[in-house]
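A.B. asks: So the sequence lines, in the order shown, correspond to chains H and G.
Under the working numbering, read the first sequence as residues 1 to 111, first letter to last.
Under the working numbering, read the second sequence as residues 1001 to 1115, first letter to last.
These aren't lab readings, by the way, just hints derived from the structure by calculation.
Quantities reported herein were computed from a predicted structural model and do not represent experimental measurements.
Be aware that a few hints might be false.
To be verified - Dumping the calculated DSSO-like pairs for lysine-lysine here, alpha-carbon to alpha-carbon at most 27 Å: (1) G:K1057 to G:K1014; (2) G:K1014 to G:K1071; (3) G:K1014 to H:K42; (4) G:K1009 to H:K42; (5) G:K1014 to H:K67; (6) H:K56 to H:K42; (7) G:K1057 to G:K1071; (8) G:K1009 to H:K67; (9) G:K1009 to G:K1057; (10) H:K67 to H:K56.
As the list claims (entries may be wrong) - Far from chain G, by Cβ distances over 12 Å, these chain H residues were calculated: (11) Q64; (12) R77; (13) S84.
C-beta: ideal position from N, C-alpha, C; glycine also.
The lines below spell out each chain.
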Amino acid sequence: QKEVEQNSGPLSVPEGAIASLNCTYSDRVSQSFFWYRQYSGKSPELIMSIYSNGDKEDGRFTAQLNKASQYVSLLIRDSQPSDSATYLCAVKLPGANNLFFGTGTRLTVIP
Amino acid sequence: NAGVTQTPKFQVLKTGQSMTLQCAQDMNHNSMYWYRQDPGMGLRLIYYSASEGTTDKGEVPNGYNVSRLNKREFSLRLESAAPSQTSVYFCASSSSLHTPGDTQYFGPGTRLTVL
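So that you can see chain H by itself, here it is in the shape it has in the complex (with noise of 0.2 Å):
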């Protein structure tokens, strides 16, 4: 079983729209939690860190974190063209030296 497992999409939705992303980890006792951004031949950018259950908000995006079912997820509100990306969640066990990342969603919006 993988560290890291995401839906490869791809995830289309309108201009507008709530882009709902989810990532599954294996290891109960993962410590930290990462969204990255990718655009097409480019390097990840890092959108938004979670630690803590519960919700996490900054401007559009919002990382909800559920330790007990193992479960991240990325909301976009008011979807843009420019939010098309691959998504990248990233997962971080205590004592770790390394990130574990899943393979990516792919999100179009669509104008």
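Could you slot chain G onto chain H? The hints should help.
C.D. replies: Coordinates of chain G only, in the frame set by chain H:
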């Protein structure tokens, strides 16, 4: 602040050739990393350096070597390139990998093709 820089941006090698990928960061970070990204495989850690003077293997180290030249620079060397090493290589850095919320910042990547 340039952040994390990588050279070269593109490279084509023949099987058996060697090359070094260069990475530098100007954020005064202690920890640096080399990843490769392949379609359907996600980002996989090749080597990392927790701090200046230390390096350790990651998930896929075979066929690679690294050098942490100083706090700023971390290079990745392919001694005898193989077609299986065709990939996009990303360097990243972070303040300290021992910190729970430590965030990694990525360079622009090197697209390597081995013929």
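A.B. asks: Hint compliance check: list the failing hint numbers for this structure, sorted ascending.
C.D. replies: 2, 5 and 8
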